[in-house]
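Undergrad: Listed below, chain by chain, are the residues.
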Amino acid sequence: NAGVMQNPRHLVRRRGQEARLRCSPMKGHSHVYWYRQLPEEGLKFMVYLQKENIIDESGMPKERFSAEFPKEGPSILRIQQVVRGDSAAYFCASSRGLAGSTYEQYFGPGTRLTVT
Amino acid sequence: ILNVEQSPQSLHVQEGDSTNFTCSFPSSNFYALHWYRWETAKSPEALFVMTLNGDEKKKGRISATLNTKEGYSYLYIKGSQPEDSATYLCASHAGNQFYFGTGTSLTVIP
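First to last, the protein sequences are chains A and B. When the letters of the first sequence are read in order and numbered with our numbering, they come out as residues 2 to 117. When the letters of the second sequence are read in order and numbered with our numbering, they come out as residues 4 to 113.
By construction, these hints were calculated from the structure, which means they are not laboratory data. Among these hints, one or two may not hold up.
As the list claims (entries may be wrong) - Label pairs and their in silico Cβ distance ranges:
id : chain 1 : residue 1 : chain 2 : residue 2 : range
1  : B       : HIS15     : A       : GLU19     : 42 to 48 Å
2  : A       : ALA90     : B       : ASP20     : 29 to 35 Å
3  : A       : GLY98     : B       : GLY19     : 37 to 43 Å
4  : B       : ALA44     : A       : ARG23     : 15 to 21 Å
5  : A       : HIS11     : B       : GLU42     : 14 to 20 Å
6  : A       : LYS52     : B       : ILE112    : 44 to 50 Å
7  : A       : LYS72     : B       : GLY19     : 49 to 55 Å
8  : A       : GLN81     : B       : ASN6      : 26 to 32 Å
9  : B       : GLN84     : A       : ARG23     : 33 to 39 Å
Unchecked claim - Partial list, derived from the structure: chain B residues whose beta carbon lies under 10 Å from chain A:
id : residue
10 : TYR39
11 : PHE101
12 : GLY104
Where is the CB? At the ideal position from N, CA and C, for every residue including glycine.
Isolated chain A (complex conformation) (with noise of 0.2 Å):
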């Protein structure tokens, strides 16, 4: 049983372009988390969905970001217009259910984003 996928592992933008991060779940779950991880700092909890839902976007920036999960196909999430600023690793995680006292969450191995 395949782990939770995330493509590409580096990406490198120029200021002003858009960065695509994909997420492939595990099989079988239907929940998605995206975090990412600042230099220096801790995994800061961005979006939850559910397939084809937005559970919860409050950590998520108002503006240039975007995050979905269609009925088929990995979870996307979206930065235009990149700033040096949304350099980071960018891990998702996925569970089977609402991640808590049944349900762990498995996390992917991140997706290095560079903006030059």
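Following the hints, complete the assembly by docking chain B onto the known chain A.
TA: Just chain B now, with coordinates in the frame of chain A:
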């Protein structure tokens, strides 16, 4: 935003020593406390999920306790081995969100 704090920030111990770290979290709106082990260049790996006050979980030489009334959890490693070297993260699950601490970086010296 909840403040989850971990201490110490880093720790060096000799192989064979036992050690423990602390995770403190706000007890309001608490749902669950998660511990993760994160090795360099790998993904965080789930260790424990705890929800009830007084919970104790154990996996091999690693164990954890939870006090939801005072808002803290301890992670213990008995007889540390070099392969235990990693960053240990805790996360408080409140509402739909997870609030992570910045981790305790453990180095076990052979």
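Undergrad: None of the hints should be skipped; say for each whether it holds.
TA: For each hint, the structure was consulted:
no., hint, in the structure
1, HIS15(B) to GLU19(A): 42 to 48 Å, "holds, 43 Å"
2, ALA90(A) to ASP20(B): 29 to 35 Å, "holds, 31 Å"
3, GLY98(A) to GLY19(B): 37 to 43 Å, "holds, 40 Å"
4, ALA44(B) to ARG23(A): 15 to 21 Å, "holds, 20 Å"
5, HIS11(A) to GLU42(B): 14 to 20 Å, "holds, 19 Å"
6, LYS52(A) to ILE112(B): 44 to 50 Å, "holds, 47 Å"
7, LYS72(A) to GLY19(B): 49 to 55 Å, "holds, 53 Å"
8, GLN81(A) to ASN6(B): 26 to 32 Å, "holds, 31 Å"
9, GLN84(B) to ARG23(A): 33 to 39 Å, "holds, 36 Å"
10, TYR39, "holds, 8 Å"
11, PHE101, "holds, 5 Å"
12, GLY104, "holds, 6 Å"
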